[in-house]
Amino acid sequence: MSKRAMTKGARALPAPWLLATAAAVCLAARATGAAAEAPSPVHYVLDQSKSTLEFTFTQAGAQNKGRFTRFPVSFDFSPESPAGGHLEVTVEMGSLDTGDKERDDTLRTADLFSVAKFPQARFSATQISKTAQGFEAAGKLTIRDVTREVRVPFTFRTADEHGVAVGYMSGKTSIRRLDFGVGQGDWKATDQVGNEVGVSFALRLTAAAH
Amino acid sequence: MVIRNTAHRWGAVAQLLHWTIVVLIIVQFTLAALAEDLPPLKKLGMLARHKSVGITILALAILRLAWRWLNPTPALPETLKPYQRVLARWTHALMYLLLFAMPLSGWMMSSARGFPVSWFGFFQLPDLVPKNRALYEALLTTHGTLALVLGGLVTLHAAAALAHHFMLKDDVLRRMLPFT
Numbered sequence: 001m002s003k004r005a006m007t008k009g010a011r012a013l014p015a016p017w018l019l020a021t022a023a024a025v026c027l028a029a030r031a032t033g034a035a036a037e038a039p040s041p042v043h044y045v046l047d048q049s050k051s052t053l054e055f056t057f058t059q060a061g062a063q064n065k066g067r068f069t070r071f072p073v074s075f076d077f078s079p080e081s082p083a084g085g086h087l088e089v090t091v092e093m094g095s096l097d098t099g100d101k102e103r104d105d106t107l108r109t110a111d112l113f114s115v116a117k118f119p120q121a122r123f124s125a126t127q128i129s130k131t132a133q134g135f136e137a138a139g140k141l142t143i144r145d146v147t148r149e150v151r152v153p154f155t156f157r158t159a160d161e162h163g164v165a166v167g168y169m170s171g172k173t174s175i176r177r178l179d180f181g182v183g184q185g186d187w188k189a190t191d192q193v194g195n196e197v198g199v200s201f202a203l204r205l206t207a208a209a210h
Numbered sequence: 001m002v003i004r005n006t007a008h009r010w011g012a013v014a015q016l017l018h019w020t021i022v023v024l025i026i027v028q029f030t031l032a033a034l035a036e037d038l039p040p041l042k043k044l045g046m047l048a049r050h051k052s053v054g055i056t057i058l059a060l061a062i063l064r065l066a067w068r069w070l071n072p073t074p075a076l077p078e079t080l081k082p083y084q085r086v087l088a089r090w091t092h093a094l095m096y097l098l099l100f101a102m103p104l105s106g107w108m109m110s111s112a113r114g115f116p117v118s119w120f121g122f123f124q125l126p127d128l129v130p131k132n133r134a135l136y137e138a139l140l141t142t143h144g145t146l147a148l149v150l151g152g153l154v155t156l157h158a159a160a161a162l163a164h165h166f167m168l169k170d171d172v173l174r175r176m177l178p179f180t
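So the sequences go chain by chain: A and B.
Counting with my numbering, you get residues 1 to 210 for the letters of the first sequence.
Counting with my numbering, you get residues 1 to 180 for the letters of the second sequence.
These are computed hints drawn from the structure, not numbers from a lab.
Fair warning: this is a prediction, and the values are worked out from it, not measured in the lab.
Among the hints, erroneous ones may be present.
Distance windows between CB atoms, simulated [to be verified]: (1) D47/A <-> G144/B: 38 to 46 Å; (2) A134/B <-> D97/A: 12 to 20 Å; (3) R174/B <-> A110/A: 53 to 61 Å; (4) A134/B <-> D179/A: 33 to 41 Å; (5) K131/B <-> T155/A: 28 to 36 Å; (6) V22/B <-> K101/A: 53 to 61 Å.
Quick reminder that beta carbons are idealized off the backbone N, C-alpha and C, glycines included.
Okay, chain A solo, but in the shape it has when bound (with noise of 0.2 Å):
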């Protein structure tokens, strides 16, 4: 909404304005970028059986991985103007599974995910830009009680399929578990469980009415 009107009044201001100050060019450039094309982005939901979102670990020296099997995913998006797309991703902490009934069990713990008091991740992400490789969402993650940012690079595609428009996402990432409070007390160690986490996701996404 407040985006919205911004960008009205950016249009409507004379040229050698814009240039006075770098937060002006910034938001003309977004405008005048919505302004060619200008095609409303698509309204995505996930296809949860077709998706996969999985993060691998080390644990006592060797490569170890797990996934979440429900991630509720909410996309606004249009690949020509990226920067009016919205990432929502909500993962529910209880669906992770690395395979192995005691790791998960352990992993839910208050020590770790603690499921009980925080069931659900989020990551909410509002400036989504272009880059070489695909594009890139810079955005606001919550595990446990942290915020941080992130960003997360990843490539889309959409297609058409049987007349259902159909966006395939994917990319991968890396966070460090101990920025977010994952291990408290002996697992804040990490000689046995690795700080560093591999994020991995292909997402397979449905247009939906918004």
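Take the given structure of chain A and dock chain B to it, following the hints.
Only chain B this time, still in chain A's reference frame:
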């Protein structure tokens, strides 16, 4: 002391391999017992060490068998009765077999559990079998049972060595000891 075996005595390399493996087997039983009641993270660390030592034993066992093959094997004392010879042969053969079966069953068990093995964090070993819970349970039982068998054989082996030394008063124990 000579490096290689002779017809009457174990050489330095064979002795070093034998006694290093003795110490490591004791370490293995200790680590496994200590890991039992630990909370998850400490258990993880203890078992990581157990796995690393196990892989070390496997490597030493390969070296040991190769060295044995390249060297003469000191003959059993002439005084041994036929059944004692058979018993000694079988005990040794089974212990050699277990030097491989123990680490391999442990390694396979880790793979089946989906917890890959790393050698002291320096490198990760490939998985021997695909991840499979039922297989893991079976291998866990196997690994534990083999450990009991190994414990029994080692006890028999040590008791026999001591009997040779103190009762039969031959050189069977001494020829595996340095400086004797």
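We went through each hint and held it up to the structure:
1. D47/A <-> G144/B: 38 to 46 Å: holds, 45 Å
2. A134/B <-> D97/A: 12 to 20 Å: 18 Å Cβ-Cβ, so the 12 to 20 Å window holds.
3. R174/B <-> A110/A: 53 to 61 Å: holds, 59 Å
4. A134/B <-> D179/A: 33 to 41 Å: Because 38 Å falls inside the window, the suggested range holds.
5. K131/B <-> T155/A: 28 to 36 Å: Roughly 29 Å apart at Cβ, these two residues keep to the hinted range, so it holds.
6. V22/B <-> K101/A: 53 to 61 Å: violated, 37 Å
Of the numbered hints stated above, the single one contradicted by the structure is hint 6.
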